[in-house]
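Q: Heads up: the protein sequence lines correspond to chains A and B, in order. For this note's numbering, add 159 to where a residue sits in the first sequence, where the first one is 1. For this note's numbering, add 530 to where a residue sits in the second sequence, where the first one is 1.
Hints listed in this document are in silico derivations from the structure and should not be mistaken for laboratory results. Accuracy of the hints is not assured; some may be wrong.
What the hints assert, rightly or not - Pairs of lysine-lysine residues, derived as DSS-like cross-links and limited to a Cα-Cα distance of at most 27 angstroms, are as follows:
#1 A:LYS231 x B:LYS877
#2 B:LYS752 x B:LYS877
#3 A:LYS161 x A:LYS232
#4 B:LYS961 x B:LYS1256
#5 A:LYS267 x B:LYS961
#6 A:LYS161 x B:LYS877
#7 B:LYS897 x B:LYS752
#8 B:LYS579 x B:LYS1086
#9 B:LYS579 x B:LYS1047
#10 B:LYS946 x B:LYS961
#11 B:LYS579 x B:LYS551
#12 A:LYS267 x B:LYS1289
#13 B:LYS990 x A:LYS161
#14 B:LYS1256 x B:LYS1198
#15 B:LYS877 x A:LYS232
#16 B:LYS946 x B:LYS1256
#17 B:LYS1086 x B:LYS1047
#18 B:LYS961 x B:LYS1198
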Amino acid sequence: MKFGVVVFPGSNCDHDAFCAAENLGQEAVLLWHQSQDLERCDVIILPGGFSYGDYLRTGAIARFAPILAAVKKFAARGGLVLGICNGFQILLEAGLLPGAMLRNRNLKFICRPVHIRVENVNTPFTNACRTGQVLQLPIAHAEGNYYADPETLARLEQDGQVLFRYCAPDGEITEEANPNGSLHNIAGITNRQGNVLGMMPHPERASNPLLGSNDGRFLFQSLIQAISDRGVWKSEMADIHQL
Amino acid sequence: MPAITAELVEQHNLAPEEYQKILEILGREPTFTELGIFSVMWSEHCSYKSSRPHLKRLPTRSPAVVQGPGENAGVVDIGHGWVCVFKIESHNHPSFVEPFQGAATGVGGILRDIFTMGARPIAVMDSLRFGPVTESAPGSGPSAKPMDFSLNRRILRGVVSGIAHYGNCFGVPTVGGETVFEPCYQNNPLVNVFALGLARQDQIFYARASGPGNPVIYVGAKTGRDGIHGASLLASSEFSEADGQQKRPNVQVGDPFLEKLLLEACLEAMQTGAIVGIQDMGAAGLTCSTCEMGGRTGSGIEMELDRVPQRETGMTPYEIMLSESQERMLLVAQRGREQEVFDVFRKWGLDAVEIGTVIEQPVLRVKRHGEIVAEIPNQPLTDEAPVYQRPLAEPPRSIPLEPPVPLGPRTGKELKDDLLKLLGAPTIASKRWIYEQYDTMVRTNTVIRPGGDAALLQIKETGQGLAMSLDGNGRYCLLDPHRGARLAVAEGARNVSVTGARPLAATNCLNFGNPEKPETMWQFHEVVEGMAEACNALSIPITGGNVSFYNETDGKSIYPTPVIGVVGLLEQVENHATVAFQNEGRAILVLGTTQSSPDDFPITFGSSQYAQTILGALWGLPPSIDLEYEGRVQACCRQLIAEGLVESAHDISDGGLAVALAECCFGKGIGAIVEIPSEEDARQSLFAEDPSRILITVAEDRLAEISRIAGEYSIRAEKIGTTGNKILIVYQRGRVLLEVPIRQLQLPYETVLEMAVEKIVS
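Use the sequences and the hints to build the structure in full.
A: Written out as structure tokens, the structure is:
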């Protein structure tokens, strides 16, 4: 299968996502922000970084990039889109996911390993995980304090769209385990269809035990599984790329 | 244009005899623009006029060194077709005047030095020094003055957020460094930034303008009025506290996003093969890059300032030439292939404009509206800049040699309190509050993150590891600059060696007071001498660095503070050791022993963290060091790690054995039971800072093998205890001397900095 990693000016985790995919033996390509060609990729990754300098608001300018139009069409047809960190912020600004990001509660950039709990394993991003499994992944952001109005939040919870929550190492959801003030300890959410995921922690940084954690691989392996499982998916993808 | 008067010359920080030399070189009176050009190029910061004769004594070569001092950064071969490119730079005065932007642009400047050589930056480290941020820090030393804790906290907060702002956005991990608090840095904080990059060995780029007729291309940000005279007025003169306000407009403003684009565009443009030479515009901006690029090849550059992209209208030639606007580069392309370069920069949305050409005549010729506004021969501007053999004078010793307080025996309870207090001293305590604001992991290479003795990065391309550390000790160097410098180099190398990596080369940042004062120059001379000895003994060439003089505010100098950045290579990155005890029931060994005689202790103890933090005093001398022995200890440690015998390794330094033990316990919450020698003063055993000692843990059944290997190096590897439980217990003469749960030790260590800095009122 083929991963496409979008390169915006200011993306700086693009190479890391690319390497993580390649290390799993998958094909990976970098997709330029001004292009509209997704090059028949199976999964599109919007990587971390500071797209367009994150001036104005994080992700606010990236939503106007030509490639985002293609990503939106791709997502609307069921294509798998993973937004990591700045990629999550872009998905929120682009309206592909509900809610918004506020600055971290302590008003600082925070970089450290955190624990997250997998809340729903019936998604293409988590099918290789156990329900309630605790993953250790790093965060590195200044604006990861997820906010949504009460109705939206209730809907997210009800529909199983909250995929990851910050938790203690034993899986308990506590205030102390919440690094940035996110509502409901939210670390990652999907759209209602379950094919678009935005998450603040970095799975690509946890794909090598030498660097402290290999838990990010659960996510990539889930994606590989999802793509190869669905025979139909391949033909659907062909359709999607026709657009 | 103003007339050239004696007053104007003085305002430009040029001595009357320097002005005479300008008249001789030009054979006429300089124009205002030319005066500005000379003043920045001959500033201490750019010309090294006071330090150059001394720096020649440092070793700069080894078989691995590809490029030593004199380029934008040093280059060292790591094999497999790759080189690492690294350097350290100071941004001290700008960081005092405007902490956030001062520190941010310090990071930006050193990153450009790295990628201008064709290397992608993969790591940044910072060596930071501030005035005290907590009341508990005693006002020790000769510079005792009222402490302004809130000022020091404000500077610390600004500097840390500036570094975070720039490095995080640029996408380079900040992987380590050091942070020290001393009263002498209150009005003169030190911000030394180290950066390291990787390049293919056959794709190194140099700052050379060759090939007459080749186009000179300006790329990156537009030129504005910011940072004019940063190098000459900020970096090359003493300060007063009032300058903190007045000189703010001389500080540049950084845009890390633009720098990220510049990085990608430069590396991509280099791939076209159309680039002949490239240099960043850092200190002294367009002036420095144009005359140095010409100076290195014996050719010249002619340029038209009308073509320089400008941020504002009405800028004079003087302002354009001296602006230190950030994120700009100058490159020379092959004539006929410039379009390839333009295309790359256009793709990244950056300005790229041909502003001049390389000429055969070795001059810098600057035109405005077609008329020459400056024409200066390159050689006198660069290589033949004034050099001073400044007078040296050893200052009379103002600090006592003998302890001012009796060093009587201490009870176990007192020793326990001492340890807790030391762990809560901001210089020793965890710097988590600082490094969690930095992206320490981007680019997914960081194997050992901040908090260890050295940072360790994997090199994906080769499977090797690069270890790096920054070390300095101003207190040691104040007491004895020669010994202090030897100790700094040894500690830097030891920090690298305890990861398992072999020190390859180093870069140095020499922070001193006013070189026009003979006592400062004496300190400088002694430090360089000590550094040269240690580098020679440990086979560590210095491949470049930076000298920062005039670190004085209102006539008070900082401690002489050489900082050394040592880079080491590990052939297989997996084969490394870390600080934390890994398992219970392992033997704890001290590799190496104290080399000084017991009689030295009362004198050398005065330089320790213990003397400062617990006794509130400073006296004596730093410990002496046998460099040959030090080299053997480090080599032995590296071999033990390479053979897979070592589970953890930690350098014994600030705070002595007790602090080192505590730090080993923290990582995994594994405790230790140790026994200290019965004949020794417990205070000496626990807190003395003698060098050449490394704390390691090993499996009990490998002890024989370890003593055999240690024997081959003729060093001792003495077992002092065993890991286990969640408590640190120290025995002496068969009885428990002190006993502290790890959590209790950890509390001050983990919390003191955050509590101090986040405090709203002082």
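Q: Please go over all the hints and tell whether each is borne out by the structure.
A: Here's how the hints hold up against the structure:
In summary, the hint linking A:LYS231 to B:LYS877 is supported, as the alpha carbons are separated by about 24 angstroms, within the 27 angstroms threshold. This hinted pair checks out: B:LYS752 and B:LYS877 have alpha carbons roughly 17 angstroms apart, not beyond 27 angstroms. Taking the CA atoms of A:LYS161 and A:LYS232, the gap is about 18 angstroms. The hint holds against a cut of 27 angstroms. This hinted pair checks out: B:LYS961 and B:LYS1256 have alpha carbons roughly 23 angstroms apart, not beyond 27 angstroms.
Between A:LYS267 and B:LYS961, the direct Cα distance comes to roughly 15 angstroms. Compliance with the 27 angstroms bound is thereby established for this hinted pair. Distance hint between A:LYS161 and B:LYS877 is fulfilled; the C-alpha atoms sit about 25 angstroms from each other, no more than 27 angstroms. As the CA atoms of B:LYS897 and B:LYS752 are separated by approximately 18 angstroms, the hinted pair is consistent with the 27 angstroms bound. Pair hint B:LYS579 plus B:LYS1086 holds up; C-alpha atoms about 22 angstroms apart against a cutoff of 27 angstroms.
At roughly 14 angstroms between alpha-carbon atoms, B:LYS579 and B:LYS1047 fall within 27 angstroms of each other, so this suggested pair holds. This hinted pair checks out: B:LYS946 and B:LYS961 have alpha carbons roughly 22 angstroms apart, not beyond 27 angstroms. Between B:LYS579 and B:LYS551 the alpha-carbon distance is near 14 angstroms, which keeps this suggested pair within the 27 angstroms criterion. For the proposed pair A:LYS267 and B:LYS1289, the alpha carbon gap of about 15 angstroms is at most 27 angstroms, so the pair holds.
With a C-alpha separation of about 22 angstroms, the suggested pairing of B:LYS990 with A:LYS161 holds against the 27 angstroms cut-off. Between B:LYS1256 and B:LYS1198 the CA atoms are separated by roughly 10 angstroms; this keeps the pair inside 27 angstroms, and the hint holds. With a C-alpha separation of about 25 angstroms, the suggested pairing of B:LYS877 with A:LYS232 holds against the 27 angstroms cut-off. Only pairs whose Cα atoms come within 27 angstroms are accepted, and B:LYS946 paired with B:LYS1256 is accepted, the gap being roughly 16 angstroms.
A C-alpha spacing of about 12 angstroms is found between B:LYS1086 and B:LYS1047, which places the hinted pair at or below 27 angstroms, so the restraint holds. A C-alpha spacing of about 18 angstroms is found between B:LYS961 and B:LYS1198, which places the hinted pair at or below 27 angstroms, so the restraint holds.
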